[in-house]
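Engineer: The chain contents come next:
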Amino acid sequence: DQQVKQNSPSLSVQEGRISILNCDYTNSMFDYFLWYKKYPAEGPTFLISISSIKDKNEDGRFTVFLNKSAKHLSLHIVPSQPGDSAVYFCAASPNYGGSQGNLIFGKGTKLSVKP
Amino acid sequence: ETGVTQSPTHLIKTRGQQVTLRCSSQSGHNTVSWYQQALGQGPQFIFQYYREEENGRGNFPPRFSGLQFPNYSSELNVNALELDDSALYLCASSLEWTEAFFGQGTRLTVV
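As you go down the protein sequences, you meet chains A and B in turn. Residue 8 is where the first sequence starts when you use the numbering used here, and the numbers rise one by one after that. Residue 291 is where the second sequence starts when you use the numbering used here, and the numbers rise one by one after that.
Okay, chain B solo, but in the shape it has when bound (with noise of 0.2 Å):
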């Protein structure tokens, strides 16, 4: 059974880029959330997809956006980034109503 999986595991980006963040989701599982988590803080949700389609977003602006695709795998994208976009971005990914398995995550510093 192959786990949750990100790429890449780290990132720097300027102020102002845009960025790509990946996800590839446990075998079986077609639902997919991202959350990020700031630093001494604990993950906070961003958006969800169910079957490549949006199903939830958090209190995030709309250069969050995400894709999800038919293998259920995910991108996360990042426009006009800020410094206080640096943070660890985890994925999770669960097969509809059990419990979710999250990736490492993807540690972004915005400069």
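Pulled out of the complex, with its shape left as it was, chain A reads as follows (with noise of 0.2 Å):
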């Protein structure tokens, strides 16, 4: 049973353009979510988090969305670049604001951002 899916294994979008990517919880104590993001041969690298008791976090050209009520989550990159062709996991965790060890990963979206 998956509790969090990312249901588009991959996505191509134009360099400029903006890039979405999903994620929906089945959870509802999950109390905080992030994203992240992962380079062949390399080990994931946090991107951007936001908490349950809000809806929107920005962080330069990242911004998470989260809808409680749909248990949907959603990252978006504007303007998208090359650089930021990667694998994207959206993962939740138990604990509000807390550790970040326990933490659920959805399969990824591999994204993917033409010149």
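Treat the hints with care, since some could be wrong.
[As the list claims (entries may be wrong)] If the Cβ cut is set under 7 Å, some of the chain B residues that face chain A in the computed set are: (1) Q331; (2) G332; (3) F335; (4) G346; (5) L380; (6) E389; (7) G393.
If you're looking for bench data, these hints aren't it; they were derived computationally from the structure. Glycine included, C-beta positions come from ideal geometry on N, C-alpha and C.
Both chains come to you apart, so use the hints to assemble them.
Structural biologist: Here's what the structure looks like:
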């Protein structure tokens, strides 16, 4: 039973356009959500997070939106750059703003940004 | 600032053997978590160590065990290896309630 779902295995976007990566979750006890980026042969790199008391968090080109009633979050990248091409993982934690050890990950979405 | 380092980077073992994977946490971090990432899947939580004590465990059998040392480095031990244990094993360190930083992983192949 997958508690965090990324239903799009891949996404292709033109450079300069917006990339929108989606994530759904089933457990209403999740209190903290994170996005990680992973390049081949590297470990995941933390990108941005959001706690359940917020509905939006922004950091430069990256914005995460949380819709608790729909149990849905999305990552927006504007403008998209070729260097953003990577696998993006959505992750959830039951610990409010807390320890990020016990993270539950989705399967990832491979983003390709074309020049 | 030294990042999270894992060793070895690649490993081939035979079914039934035992394996030890190592992780040096980022300087100042006292929490280490281990994840297994099978091909085409997201990382799956194995367990976490906080100040040398196990502090949470995922749905993995007891043949997956770990240790954290006083310098906060950590080991993951897997006994009686099975073919399905073939995966990328990721270590992540954090300072209690801060974001986790991942190592590059150890690719384990069981034949």
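Engineer: If a hint holds in the structure, say so; if it doesn't, say that too.
Structural biologist: Going down the list of hints, with the structure as the test:
1. Q331: At 6 Å from the nearest chain A Cβ, Q331 of chain B passes the 7 Å test, so the hint holds.
2. G332: holds, 3 Å
3. F335: holds, 5 Å
4. G346: It holds, given that the least Cβ distance between G346 of chain B and chain A is near 5 Å, below 7 Å.
5. L380: holds, 6 Å
6. E389: holds, 5 Å
7. G393: holds, 5 Å
Every hint, counting from the list given before, is met by this structure.
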